[in-house]
Amino acid sequence: MKSALRSTPLLMILPSLGLAMFVIGYPIVDLAWTSLHEVSRFGQLRDFAGLYNFTDVFGEPLFYESLWRTIIWTVAVVGGTLLISLPVALVLNDDFIGRSLARVIIMLPWAISLTMTAVVWRWGLNGRAGLLNATLMDLHVIAEPIEWLATAPLAFTAEILIGILVSIPFTTTIFLGGLSSLPQDSYEASVVDGATGWDQFRYITLPLMKPFINIAIVLNVIYVFNSLPIIWVMTEGGPANGTDILVTYLYKLAFRFGQLGKASAISLIMFGVLLIFTALYVVMVMRAETDSTVDGEHKDDDVAA
Amino acid sequence: MMMSRLKKSILYWVLLSPLMIVILFPFGLMFVTAVRPRDELFVYPPRWTFSEFHWGNFVDMWGKTNFGGALLNSLYVSVSSTALALVLSIPAAYALSRHRFRGKGSYRNFLLMTQMMSPIVLVLGLFRLMVQFGLVNNLNSLVLTYAAFNMAFTIWMLQSYFNTIPRELEEASWMDGANHFVSLTKIFLPLAVPAMVVTGIFSFINSWNEFVLALTMIRSTENYTLPVQIFAQVAGRYQIEWHHVMAGTVLATVPVAIVFSWLQRYLIRGMALGAVK
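The listed protein sequences correspond, in order, to chains L and Y. So in our numbering, the last spot in the first sequence is 305, and the numbers never skip. So in our numbering, the last spot in the second sequence is 1277, and the numbers never skip.
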């Protein structure tokens, strides 16, 4: 009876572990194995090729261009998202008339699939009849319609801005979670000491929010770095590969050009990058947990209640 | 300096308004295009206004595209994958919440890893996996993969809510002679229903919105889910029927957006509790 009880928790986690191993674990192994082989267009593994697929990828200029754009894409989207989300969270955390409505509106992009958002924006940015042009012309910002998606730099900029827009709700949510856990008494004490709003932000809010900002950075880097729909739907990496990032390049290699060896090599490289950031995240989460237990149990209870 | 509540509210709304306009822009765009007469789509100069509301676009779109079929496919995939994810997550979350066991820490880290794994990095491996099992172009390939990718999130959410259900209730029922199974099904699970519903809805929305795997696994029009169906109407086409596309996005997104808006505060709470921390 006792041993049966002890094994119960393991039996309870086993089914979930099984499915995750099957759907997430196995493909990683398969990709690693595939990347070491010559692969036919139809996915048959031929001879063992060692690291040939990797050297092949590293010899490709398009790989470096996509890599460079991936870095720009990730840094710009994550940076822009943080710069907007922190003040938005500070405002939404304060009490004001119509706050719940404001929260609902700010969170809206999260509810919509990235695909749909990108489709709608693709239409909105249409050079001939797009209503962004209509709006800007009504406001006399521009005199002629602009072909937003016809040239790579402009299209890529538009995609980055949309990337920021759809990342704001999630990031704001993390910050709101963080802000709600800040100790109220420090603020009251600082008011007694004559601190201004800016002082409070600089010396209390920002330092205490640091763990949440770090988490927001890491999670956003992971999500943005891997995000295909916006670029795929709006420009498919074009014009002339000018908006290709690693994921779109990978997707084209795998499912358009049938270069499965190279595609699996890139998948593996990306998996490595992802692993580094995930490890970083795991360390942060564990640190946050030890911190909160050191601070005392009552804080956890507060949040849970 | 104390500001009156009214002044502060006005200031905040003014500060938030640029962002809100950009957020609401696509929604406005969707609506005015979905109800616009077809021959007013491409007018020069482009303008927001149009001559009359053309509600017939929706009926038209339903008849001419495979919207109804894609809707059913999306419903099937989202409901089944959510059910599967919940069935597997509930015991796991319960174990994490109530038991200490060897390997708990590693299991939690493993979950974190799977939560961070993005389908796009694995998409080629997943495709090869589904080829082996003959599941390419089969909606069940999506049910399995969505359930697996949603599981980490559902386990976190459920665990954090389970932690708030007092242990004493179950212990009391053991005193009364109930065994663990009875206390679990009669006492614990009924209390956990709201948590399961909320978690299930978020898992449903995730599946409903997923694009990359559906684009890859599903090869024929009649098996398309909604995001792929809408994408197929704009991708690589010379003539895009934008009023149909926008009518489709309105129908596919608005119900989900309403449910999401209604439940988003639970997400904020879940985030604060466990999904992120």
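No wet-lab data here; the hints were simulated from the structure. All of these numbers come straight from a predicted model, not from anything done at the bench. Treat the hints with care, as some may be off.
[What the hints assert, rightly or not] Derived lysine-lysine pairs resembling DSBU-like cross-links, with alpha carbons at most 30 Å apart:
(1) Y:Lys1104 - Y:Lys1186
(2) L:Lys210 - Y:Lys1186
(3) L:Lys252 - Y:Lys1008
[As the list claims (entries may be wrong)] Per the computed footprint, the stretches of chain Y lying under chain L, defined by three or more beta-carbons under 8 Å from a beta-carbon of chain L, are:
(4) 1012 to 1026
(5) 1031 to 1044
(6) 1069 to 1079
(7) 1183 to 1194
(8) 1204 to 1216
For glycine and all other residues, C-beta sits at the position ideal for the given N, C-alpha and C.
8 Å C-beta criterion, at least three residues: is the region 1012 to 1026 of chain Y covered by chain L: holds (count 11)
Proximity test - 8 Å, beta-carbon atoms, the region 1069 to 1079 of chain Y to chain L, at least three hits: Since 0 is below three, the answer is violated.
Holds or violated: Lys252 (chain L) to Lys1008 (chain Y), with C-alpha atoms at most 30 Å apart: The hint is violated at about 51 Å.
Assertion that chain L covers the region 1031 to 1044 of chain Y - criterion: three or more residues, beta-carbon distance below 8 Å: holds (count 6)
Chain L over the region 1183 to 1194 of chain Y, status - at least 3 residues with CB closer than 8 Å: This one is violated; 0 residues, fewer than the three required, reach chain L with a Cβ under 8 Å.
Outcome, coverage hint (the region 1204 to 1216 of chain Y, chain L; C-beta under 8 Å; three residues): holds (count 7)
Pair hint Lys1104 (chain Y) and Lys1186 (chain Y), alpha-carbon separation not exceeding 30 Å: holds (26 Å)
30 Å Cα cutoff - pair Lys210 (chain L), Lys1186 (chain Y): violated (43 Å)
In this structure, the earlier hints numbered 2, 3, 6, 7 are contradicted, and the remaining ones agree with it.
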